[in-house]
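Trainee: Let chain C serve as the given structure and place chains H and X on it in line with the hints.
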Amino acid sequence: MTYIGAEVIISPLGRTTAQNWAAISANQSGISLVKQAGFDNADLYLSKMLDLVDDYKFERLLSDALTAVSEQIDPKILTSQRTIVIISSTKGELDKDINDPFGKSIAALVERFSLVNQPLVLSNACISGVLAINAASNFIQAKIYDHAIVIGCDLISDFVVYGFQSLFAISDKPCAPFDASRNGITMGEGCGAVVVSNTKEIFRNGALQLLSGTSANDANHISGPSRTGEGLFRSVRKTLESNQIAPDEIDFVCAHGTATVFNDEMESIAFDRVGLTNVPLSSLKGYFGHTLGAAGVIETTASMQMMRHGTLLKSLGYHESGTSKKLNVLAENVSSRPETILKTASGFGGGNASLIIRSL
Amino acid sequence: MDNLKEDLKKQIIEQLNLEDITPTDIADDALLFDDGGLGLDSIDALELIVLLEKYHGIQVVNPEEGKVAFRSIDTMAEYIRKRKS
Amino acid sequence: MSLITTYCHLSADQCSVNGKVVSTRERSAAGSWFKQIYKEQEFVYPKFYKMDALSQAGFLASELIKRANQGIVNSYKDDEIAMLFANQSSSADTDLRFMHSYEHNGAPSPSLFVYTLPNIVLGEIAIINKWYGENMFAVLPKFAPGFFADYGRILLSTGAKAVLCGWLGVLGDHIEVFVWLVENESENGLDFNKENLLELAGI
Numbered sequence: 000m001t002y003i004g005a006e007v008i009i010s011p012l013g014r015t016t017a018q019n020w021a022a023i024s025a026n027q028s029g030i031s032l033v034k035q036a037g038f039d040n041a042d043l044y045l046s047k048m049l050d051l052v053d054d055y056k057f058e059r060l061l062s063d064a065l066t067a068v069s070e071q072i073d074p075k076i077l078t079s080q081r082t083i084v085i086i087s088s089t090k091g092e093l094d095k096d097i098n099d100p101f102g103k104s105i106a107a108l109v110e111r112f113s114l115v116n117q118p119l120v121l122s123n124a125c126i127s128g129v130l131a132i133n134a135a136s137n138f139i140q141a142k143i144y145d146h147a148i149v150i151g152c153d154l155i156s157d158f159v160v161y162g163f164q165s166l167f168a169i170s171d172k173p174c175a176p177f178d179a180s181r182n183g184i185t186m187g188e189g190c191g192a193v194v195v196s197n198t199k200e201i202f203r204n205g206a207l208q209l210l211s212g213t214s215a216n217d218a219n220h221i222s223g224p225s226r227t228g229e230g231l232f233r234s235v236r237k238t239l240e241s242n243q244i245a246p247d248e249i250d251f252v253c254a255h256g257t258a259t260v261f262n263d264e265m266e267s268i269a270f271d272r273v274g275l276t277n278v279p280l281s282s283l284k285g286y287f288g289h290t291l292g293a294a295g296v297i298e299t300t301a302s303m304q305m306m307r308h309g310t311l312l313k314s315l316g317y318h319e320s321g322t323s324k325k326l327n328v329l330a331e332n333v334s335s336r337p338e339t340i341l342k343t344a345s346g347f348g349g350g351n352a353s354l355i356i357r358s359l
Numbered sequence: 000m001d002n003l004k005e006d007l008k009k010q011i012i013e014q015l016n017l018e019d020i021t022p023t024d025i026a027d028d029a030l031l032f033d034d035g036g037l038g039l040d041s042i043d044a045l046e047l048i049v050l051l052e053k054y055h056g057i058q059v060v061n062p063e064e065g066k067v068a069f070r071s072i073d074t075m076a077e078y079i080r081k082r083k084s
Numbered sequence: 000m001s002l003i004t005t006y007c008h009l010s011a012d013q014c015s016v017n018g019k020v021v022s023t024r025e026r027s028a029a030g031s032w033f034k035q036i037y038k039e040q041e042f043v044y045p046k047f048y049k050m051d052a053l054s055q056a057g058f059l060a061s062e063l064i065k066r067a068n069q070g071i072v073n074s075y076k077d078d079e080i081a082m083l084f085a086n087q088s089s090s091a092d093t094d095l096r097f098m099h100s101y102e103h104n105g106a107p108s109p110s111l112f113v114y115t116l117p118n119i120v121l122g123e124i125a126i127i128n129k130w131y132g133e134n135m136f137a138v139l140p141k142f143a144p145g146f147f148a149d150y151g152r153i154l155l156s157t158g159a160k161a162v163l164c165g166w167l168g169v170l171g172d173h174i175e176v177f178v179w180l181v182e183n184e185s186e187n188g189l190d191f192n193k194e195n196l197l198e199l200a201g202i
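Protein sequence lines correspond, in order, to chains C, H and X. Numbering follows numbering that gives the first Met the number 0, in which position 187 of the first sequence is assigned residue number 186; successive positions increment by one, without gaps. Numbering follows numbering that gives the first Met the number 0, in which position 13 of the second sequence is assigned residue number 12; successive positions increment by one, without gaps. Numbering follows numbering that gives the first Met the number 0, in which position 9 of the third sequence is assigned residue number 8; successive positions increment by one, without gaps.
So here's chain C without its partners, still in its complex pose (with noise of 0.2 angstroms):
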């Protein structure tokens, strides 16, 4: 059996988890209008850490992160050669080194922790966070190595923002996935991080069951969803498959939920083809914007929070369908201690993945 626990999320809404799951759970958001902020100095709505002052911001996220999670396991789990720690990330420190947005701060990360692999970084995207954990898995089933650690971490930066607005896909307000008023994507900072291990042992605060899960490409288009949301219909039927669970067995669906237009036409249709449309669902992109490569590790650590707690979040900003398929997004807070839940990311690329999570 493969663990998965000692969550972290670090935020606009805190920079702890208790901090951020207090937030959520009174549906906060991070969101705040930032003066100008986009290119032309529009203002922009955005899920931004306007506290996070310091020089190298990435490889501060990493750090806290780390330290968060080496509080919550055997310590020595973190110094260990049976112990790999993936980050995934689209542009990591981008502003201070565009040739080597990673290098640094990786070095850093080794030296401060004494991590005895060299950390391995996934960059594929939005579904950069989810893909990392199922590698994790993948590594500790293969017996590679016997942990891991994930952090996904990315940065709002002029370079992302600016990107995004030239593809006219940030929302004039704060986004609001499956929302039939729904306009385009909010961009959002922070940092997530969770352990994988094959020993339940190592948890301080007990742990979860990981099911691998799986990826697929659209093989469709590099910049546009999927009009027949195929490479999400296949991702999360083959991760179904592999662990033999029938669709009517999944409690929860975190969904990837960018708030786009099209993006989230192309999930409906995708969990539609699956028969998930009666199972509760919410995107949580209204609470964090929409984090890139960091958005699959805090959503999957946001929805730990929810089997543990015992509530479901509802998908802040959702009020009327607006997707050709109806899903059961969830308009408030339920609370239910959800046995099974699906994760779900989608991205540029074509890439599609998804992961399950069970309660022990």
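Treat the hints as calculated values from the structure; they're not laboratory data. Values in this document were obtained by computation on a predicted structure and should not be read as measured data. Glycine included, C-beta positions come from ideal geometry on N, C-alpha and C. Wrong hints could be hidden among the right ones.
What the hints assert, rightly or not - Pairwise CB distance ranges, derived in the manner of DEER restraints: (1) Tyr55(C) <-> Glu25(X): 50 to 58 angstroms; (2) Ser241(C) <-> Asn16(H): 36 to 44 angstroms; (3) Arg226(C) <-> Gly30(X): 30 to 38 angstroms; (4) Gln58(H) <-> Asn183(X): 26 to 34 angstroms; (5) Asp28(H) <-> Ala106(C): 25 to 33 angstroms; (6) Lys76(X) <-> Arg80(H): 52 to 60 angstroms; (7) Gly18(X) <-> Asn16(H): 29 to 37 angstroms.
Mentor: For chains H and X alone, coordinates are given in the frame of chain C:
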């Protein structure tokens, strides 16, 4: 010869990095987004919005507007003249 | 037994398949080196011209491998070929161009921005071939045969029957590309292990 249309063709070739295409290859009424025409895609459409601002000082706030305006060189020229008048 | 059955190298002045040179850069030729290969090899895929250098490198290497190993097109189902790529500088080559567009050329360019992620090349290859399999792009400090051997084997034991692997070093004039195909059910090839990868790569 319509100078605006000739300029537009040169600007499109430049902005979209179209290889092996010269202004004479683009008919004024050819459908830019049709495979029988230039075969442009949705990202090219956004690049045309950049072009309008860069060369003609015209801001397109809603990309949907571009869909009609960018059908052909003819419609683009007409759109520019209308916005400038 | 997993075997390396076909491989392709691209350097700043040569392109070779299974160790045999198929194109040599003509310094005087107009246009870029990748476009020269595209024309010499008589590929027909107009979208090539819209791709960034990373995707062009992936396109050329994967198409040359397909040409040298026709079986890859017909022997596998649409989700049985996984892709495992990595490099050192992510999408820096295009990141620099995109940054230039908004700092010095008036406005952020959407067609450059969509290539500012290293995994886009995987999407391009998936689109051409209609491959719906597993994809992964890693950013590593240097060519790491151990990573490819370990994760390649994982992919081959979790559903994939072949893995197209690639080290895509493309940054400015620095070109260090090594792409290879690993197949589970094949008669001829080299054992898929760290030692053989290190020797073949020549990196």
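Trainee: Decide, hint by hint, whether the structure agrees.
Mentor: To see whether the hints hold, each was checked on the structure:
Taking 50 to 58 angstroms as the suggested C-beta distance range, the pair Tyr55(C) and Glu25(X) does not conform, at roughly 45 angstroms. The beta-carbon spacing between Ser241(C) and Asn16(H), approximately 43 angstroms, falls within the hinted interval of 36 to 44 angstroms. Judged by the Cβ atoms, the range 30 to 38 angstroms given for Arg226(C) and Gly30(X) holds: they are separated by roughly 35 angstroms. At roughly 55 angstroms, the beta-carbon separation of Gln58(H) and Asn183(X) lies outside the given 26 to 34 angstroms, and the hint is violated.
Taking 25 to 33 angstroms as the suggested C-beta distance range, the pair Asp28(H) and Ala106(C) does not conform, at roughly 58 angstroms. In this structure, Lys76(X) and Arg80(H) meet the distance hint of 52 to 60 angstroms, their C-beta atoms being roughly 54 angstroms apart. Between Gly18(X) and Asn16(H) the CB atoms are about 34 angstroms apart, so this pair conforms to the stated range of 29 to 37 angstroms.
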